[in-house]
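2 protein chains.
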Amino acid sequence: MRFCSACGAPVELKRPAGDTLDRHVCSACGEIHYRNPKVVVGAVCTWQDRVLLCRRAIEPRAGFWAVPAGYLEFGESTEEGARRETFEEACARIEISGLLGVYNVVRIGQVQLFYRARLLSPQIAAGVETLELDLFEWPAIPWDELAFPSVRWVLQRALELRDHAGPYPPALGP
Amino acid sequence: MRFCSACGAPVELKRPAGDTLDRHVCSACGEIHYRNPKVVVGAVCTWQDRVLLCRRAIEPRAGFWAVPAGYLEFGESTEEGARRETFEEACARIEISGLLGVYNVVRIGQVQLFYRARLLSPQIAAGVETLELDLFEWPAIPWDELAFPSVRWVLQRALELRDHAGPYPPALGP
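Respectively, the protein sequence lines represent chains A and B. When we follow this note's numbering, the leftmost residue of the first sequence carries the number 443, and every step to the right adds one. When we follow this note's numbering, the leftmost residue of the second sequence carries the number 443, and every step to the right adds one.
This is chain A alone, in the form it adopts within the complex (with noise of 0.2 Å):
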């Protein structure tokens, strides 16, 4: 951030009138500029107790393996974001069932929300950001190849509940 998105001025790093932290502000409108954490949205689908998986075409991680995510877009609800990177890396349609995890990434200001959910179909099919996909067994999930910490954590959270059918608790993590 070094310049102003509403006018282009210089920005510079002070603290506002009765804030608590230095912000990025515009020299010339005053237009202050926040640095806010990123929502990502994600899903733990299944057919018949096998679990969705695609191996990422993209960087970061580029060739392991993660749960359908991605970043929450303006105008669409988090749930909707789930859906749609869904059918974005897996060419599939989903029903969500509940919320299985929320995890700060603190470091990389991210908050990531990842929901149960069921495929409508097996038929499933690569996009573009997705090397290859497949519907795993629990014991076959590559568990070593996984491609963020979070894609293990909800993976857990979720084969705790594989046969839990009763209102559970979104893991709240790390």
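Treat the hints as calculated values from the structure; they're not laboratory data. Among the hints, a few may not be true.
To be verified - Only pairs whose alpha carbons sit at most 30 Å apart, straight line, appear in this in silico DSBU-like list of lysine-lysine:
| no. | chain 1 | residue 1 | chain 2 | residue 2 |
| --- | --- | --- | --- | --- |
| 1 | B | K480 | A | K480 |
| 2 | B | K456 | B | K480 |
| 3 | A | K456 | B | K480 |
| 4 | B | K456 | A | K480 |
| 5 | A | K480 | A | K456 |
Unchecked claim - One side of the interface only, derived from the structure: several residues of chain A facing chain B at Cβ under 10 Å:
| no. | residue |
| --- | --- |
| 6 | E454 |
| 7 | T462 |
| 8 | L514 |
These numbers come from a predicted model, not from an experiment. Backbone N, C-alpha and C define an ideal beta-carbon position, used for all residues, glycine too.
On the provided structure of chain A, position chain B as indicated by the hints.
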């Protein structure tokens, strides 16, 4: 968004290769600027079955009642953010015990996470963004003078769970 925050040149709305939506793209350096939803965090805080509410000193909805809540900062977790907002607005320390609700306010690009929490003491005091505050018995909550719909939703959720000790899922909504 009119200028590139990286180089100060004008941005234009256009669709990057492989993208499905128009984005603000810098006409000079090519940087893509995404419009991201923001995260709001808050807490329903109780002391001996009474609920902490704060009357807002600031817009929007100055003069109306709310639970402590505000924008998540980069560099803190959602739980840390809820604790910070409670301290800023009510000078109160809390212990969080679970996630009560995840609300999407799509029109304004907000994902709101509200926790259930216990005040560590009944000592509370109005922060600079608070006109007055109090611990309300549940029947005394000013339902018609609440600041935002999500305040009503999460108070209703907390009331449903008032005598509930076991695990519970957060309300997902609206």
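Identify every previously stated hint that the structure contradicts and give their numbers, smallest first. 6
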